[in-house]
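Student: Whenever a hint applies, use it, and build me the whole structure from the sequences.
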Amino acid sequence: MNEIQPSSLFSGDSYQTLPNIRTNQIRNLSSDKRNLAAAPYRPSTLAEEEDAGTGGIVFPGHSKIRHHHPDAIPLDPHRLLAYSQALQARGLFGLLPPPLSTDASGPKTLAAAPAASSSRKPPRLQAMADEQAVPTASFASVARDGGGASAPPEPEPEPEQEAAALRQEDFRQKGKVFVGNLPLWAGKPEITEFFRQFGPLEKVELVRGHDDPERNVGFCFLYYGGDDPETAAGRAVEVDGVEFRGKSLTVRLDDGRKGRARAEERARWVEAGVAREARSPWHKGREDACREFRRVLESRPENWQAVVSAFERIPKPSRREFGLMVVYYAKRGDKHHARATFENMRARGIEPNAFVFTSLVHAYAVARDMRGAMSCIEEMKSEGLEMTVVTYSILIAGYGKTNDAQSADKLFKEAKTKLDNLNGIIYSNIIHAHCQSGNMDRAEELVHEMEEDGIDAPIDVYHSMMHGYTVVHDENKCLIVFERLKQCGFKPSIISYGCLINLYVKIGKAPKALAISKEMESHGIKHNNKTYSMLINGFIHLHDFANAFSIFEDMIKSGLQPDRAVYNLLVEAFCKMGNMDRALRIFERMQKERMQPSNRTFRPIIEGFAVAGDMKRALDTLDLMRRSGCAPNVMTYNALIHGLIRKHQVERAVSVLDKMSFAGIAPNEHTYTIIMRGYAASGDIGKAFEYFTKIKESGLKLDVYIYETLLRACCKSGRMQSALAVTREMSFQKIPRNTFIYNILIDGWAHRGDVWEAADLMKQMKEDGIPPNIHTFTSYINACCKAGDMQRAENVIQEMADVGLKPNVKTFTTLIKGWARVSLPDRALKCFEEMKLAGLMPDEAAYHCLVTSLLSRATVMEGSTYTGILSVCREMFENDLTVDMRTAVHWSKWLHKIERTGGALTEALQRIFPPDWNSSENLEASSSVSDGDSESCSDSEFSDNDEDHDDDL
1 MNEIQPSSLF SGDSYQTLPN IRTNQIRNLS SDKRNLAAAP YRPSTLAEEE
51 DAGTGGIVFP GHSKIRHHHP DAIPLDPHRL LAYSQALQAR GLFGLLPPPL
101 STDASGPKTL AAAPAASSSR KPPRLQAMAD EQAVPTASFA SVARDGGGAS
151 APPEPEPEPE QEAAALRQED FRQKGKVFVG NLPLWAGKPE ITEFFRQFGP
201 LEKVELVRGH DDPERNVGFC FLYYGGDDPE TAAGRAVEVD GVEFRGKSLT
251 VRLDDGRKGR ARAEERARWV EAGVAREARS PWHKGREDAC REFRRVLESR
301 PENWQAVVSA FERIPKPSRR EFGLMVVYYA KRGDKHHARA TFENMRARGI
351 EPNAFVFTSL VHAYAVARDM RGAMSCIEEM KSEGLEMTVV TYSILIAGYG
401 KTNDAQSADK LFKEAKTKLD NLNGIIYSNI IHAHCQSGNM DRAEELVHEM
451 EEDGIDAPID VYHSMMHGYT VVHDENKCLI VFERLKQCGF KPSIISYGCL
501 INLYVKIGKA PKALAISKEM ESHGIKHNNK TYSMLINGFI HLHDFANAFS
551 IFEDMIKSGL QPDRAVYNLL VEAFCKMGNM DRALRIFERM QKERMQPSNR
601 TFRPIIEGFA VAGDMKRALD TLDLMRRSGC APNVMTYNAL IHGLIRKHQV
651 ERAVSVLDKM SFAGIAPNEH TYTIIMRGYA ASGDIGKAFE YFTKIKESGL
701 KLDVYIYETL LRACCKSGRM QSALAVTREM SFQKIPRNTF IYNILIDGWA
751 HRGDVWEAAD LMKQMKEDGI PPNIHTFTSY INACCKAGDM QRAENVIQEM
801 ADVGLKPNVK TFTTLIKGWA RVSLPDRALK CFEEMKLAGL MPDEAAYHCL
851 VTSLLSRATV MEGSTYTGIL SVCREMFEND LTVDMRTAVH WSKWLHKIER
901 TGGALTEALQ RIFPPDWNSS ENLEASSSVS DGDSESCSDS EFSDNDEDHD
951 DDL
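Note that the sequence shown covers residues 1 to 953 in the UniProt record's numbering.
The calculated label-pair distances, taken between Cβ atoms and stated as ranges, are: (1) Glu767 / Lys806: 22 to 32 Å; (2) Arg295 / Asp404: 37 to 47 Å; (3) Asp227 / Asp563: 51 to 61 Å; (4) Val704 / Lys616: 33 to 43 Å; (5) His523 / Lys557: 15 to 25 Å; (6) Asp228 / Glu414: 30 to 40 Å; (7) Leu419 / Arg294: 29 to 39 Å; (8) Lys557 / Arg332: 32 to 42 Å; (9) Arg594 / Glu729: 48 to 58 Å; (10) Arg582 / Arg294: 44 to 54 Å.
Straight line, CA to CA, 27 Å or less: simulated BS3-like cross-link-like pairs of lysine-lysine: (11) Lys530 / Lys331; (12) Lys203 / Lys188; (13) Lys576 / Lys592; (14) Lys763 / Lys734; (15) Lys512 / Lys491; (16) Lys486 / Lys530; (17) Lys557 / Lys518; (18) Lys766 / Lys806; (19) Lys509 / Lys486; (20) Lys687 / Lys647; (21) Lys512 / Lys806; (22) Lys659 / Lys687; (23) Lys512 / Lys530; (24) Lys381 / Lys401; (25) Lys316 / Lys203; (26) Lys616 / Lys659; (27) Lys410 / Lys381; (28) Lys506 / Lys477; (29) Lys477 / Lys512; (30) Lys506 / Lys806; (31) Lys696 / Lys734; (32) Lys557 / Lys512.
Simulated from the structure, these hints should not be mistaken for laboratory data.
For clarity, every value in this text was computed on a predicted model and none was experimentally measured.
Just so you know, even glycine gets a beta-carbon here, dropped at the ideal spot from N, CA and C.
Tutor: So, in structure tokens, the structure goes:
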């Protein structure tokens with residue numbers, strides 16, 4: 001082989017192969033070695049080796065030579081000899097004095113270093129040797145011919161060392177680069193900007209200090225991506241030694257030591273369960289604090305003070321701990337603390353990932369602030385992070401809670417376009433969103449789509465479908481889904497049975513709901529507070545307070561403690577019964593048990609006092625509500641106004657409306673609707689339209705209840721043309737008519753006896769696909785009776801039977817009045833008997849209408865009619881029914897025409913007259929009654945007021 005002369009290494013292209021060695025550094029090193037030969041050896045102290053977080057060695061009489069890698073080992077004399085040998089191998093031996101010789105006592109003269117030391121080369125020199133790539137034999141020949149000293153050949157690496165190097169090479173992460181000797185004030189943006197020129201950077205990990213997170217500790221890790229991250233990392237290593245912000249950078253490729261250490265640590269843990277040893281007492285304390293935080297988070301999540309304290313005790317929280325804290329606040333719906341934790345993490349220099357952003361979005365979604373959630377999504381996209389299936393699922397669930405199924409569906413379609421695979425959870429959330437809004441057609445379509453994609457439906461999908469059919473009151477399909485749930489191998493849970501109980505409570509079949517609860521208990525599933533509260537609520541809505549309190553007693557016997565929801569139901573029950581004292585005692589019990597009352601607690605109490613006419617106590621309850629820390633809202637004032645309207649105190653209700661506005665609470669559409677209903681009941685259609693105009697001027701949403709109230713006012717005052725104008729505006733506003741709207745219109749035409757308009761409405765109702773109910777048919781029969789068309793009325797009864805509806809007491813009472821109008825008292829009596837045969841108990845209105853109609857239609861009584869009146873009077877007396885004074889005056893008038901001198905009929909009627917009937921004042925009043933007032937059974941008793949529907953407001 002040709003020998004290489006020393007001068008050739010520093011001329012031409014050979015010199016360009018040494019970009020990282022500067023002439024002054026070589027001179028300094030030569031000076032250091034000469035000083036070392038003259039000075040006794042001493043190891044460097046820790047204070048000498050540490051400088052801004054990096055190690056080094058100090059030679060006597062000269063400044064230290066630094067190495068910046070955090071795992072670098074301080075140089076000792078043996079490593080210095082190896083350093084000189086490497087320089088000699090590179091052709092730099094001419095610049096150095098002869099090597100020192102060493103013996104057992106320490107280094108004394110320049111000589112060859114031990115073989116074991118020659119293999120321990122600093123990484124920088126090893127890289128230099130690799131770049132030069134000069135054959136070993138050439139270095140040996142150079143050593144023989146020049147420099148006055150010979151360098152011994154490097155020993156062959158042992159097989160074990162080669163195997164260890166290969167194993168460490170297996171753990172290298174391609175594209176990972178170590179950067180050391182950074183300025184302590186350097187930030188991630190400027191580092192990213194400098195190293196981005198070599199390739200696309202996926203991540204920059206800048207290590208921060210323990211005590212001062214605003215400054216780094218002098219090194220970071222780069223992760224290159226793209227098509228060829230290894231080439232990009234290789235280009236970045238070429239800037240090793242380049243000056244950056246006043247400091248010379250140390251740039252190295254990943255050597256795999258960290259990955260190998262982790263693998264060995266994992267293997268030790270798997271084999272012997274040996275835990276990782278902490279690097280320092282500080283690290284051990286931090287790991288203990290993190291472990292304690294996770295333990296508190298799992299065992300005591302309800303104690304937010306303990307969770308926050310455990311988090312604050314962590315010296316330097318990582319992204320994992322910050323993420324867990326954001327998740328904790330998200331589950332509580334505390335968007336403000338979640339955002340504060342998120343910003344605190346950013347202030348410490350920790351960049352959020354997709355998981356942390358998704359957790360923050362979850363916090364806003366649980367708080368039902370979808371605008372804030374979408375703002376987080378925009379922020380997430382600006383950081384270059386893509387939405388995951390979990391992010392989409394959380395947003396869809398949030399829109400479902402706010403009943404915005406349209407926005408949820410839009411996000412679902414976007415997720416289906418951008419993501420390859422969707423899971424059962426996102427399908428469950430979008431199906432629940434449509435079920436919540438009652439859009440069951442779209443929900444069924446999504447279920448079929450889910451099955452076509454091969455995704456097994458979780459049990460939550462079945463529960464959502466059952467809930468959706470409960471919203472639309474479809475009992476049959478809800479039961480079909482329940483059976484399908486069992487056929488698919490799912491075991492019905494308390495949620496499954498709870499959906500059925502809720503279904504029957506919503507459709508007014510509380511006894512059936514109670515039977516479902518018994519079936520649930522027979523399968524070993526115990527009640528919880530939710531199922532008990534649904535049963536109690538169902539019986540309260542039916543005004544079956546005995547069964548409601550019986551279920552409450554069963555709940556206490558089962559060992560369950562009532563929660564705030566159950567106590568609120570009890571307060572509502574006592575208020576509906578008119579027992580306000582018991583309601584207040586329930587409230588006092590809640591206070592003793594340290595339960596915070598809500599608006600729902602005070603609302604029935606205020607409304608109960610208002611209905612009873614005790615406005616002073618109603619307003620006192622309003623003050624008590626404020627003192628209890630519960631601010632009145634618009635629903636509270638609505639309850640107060642509604643109570644006054646039910647007592648026909650419209651002016652006082654308007655005064656409460658003024659106080660409400662003075663308190664800074666804006667009325668909503670329900671508030672104005674209640675006021676409009678009050679004016680509609682009094683026939684003041686002008687005032688009703690005045691408040692309708694206020695609703696439109698306030699920009700409030702117009703709904704079917706508002707138009708229903710307007711129609712009621714028009715029909716009650718007989719202004720049917722105005723009613724038709726209201727229906728035209730409904731069509732313009734695209735508000736569809738429902739059954740109640742048609743009932744009001746048919747009843748309005750019935751008051752006028754216009755059976756043809758009523759028949760047209762019945763026909764239009766069928767064309768629109770709106771099913772008539774018992775109130776619709778009763779109003780139509782009333783129109784037929786007013787027109788004297790009893791044949792049509794009997795045909796309507798047959799139509800009711802065809803659709804599965806049976807006449808009720810009001811329907812039979814309307815027919816009785818119709819037969820009396822056409823002077824057929826025998827048919828009226830027959831209809832009365834048919835009502836009793838159908839199992840219906842005649843009420844006071846039915847008796848009153850029958851007797852009034854029979855007495856007013858005949859001056860000469862026939863035998864059967866006479867006997868029938870006597871029988872009816874006897875039944876009323878046996879049932880302790882008496883008529884009011886006005887009715888007695890009317891009946892006595894007709895009695896004078898039938899029996900002038902008294903008789904059995906007079907005696908029978910006087911038994912059901914008021915006790916003070918025989919006073920002279922009443923006898924005088926009887927003579928002054930005009931013929932126009934004779935028929936006290938007014939049509940209003942047979943009109944469809946739909947009071948139960950009004951309660952929904």
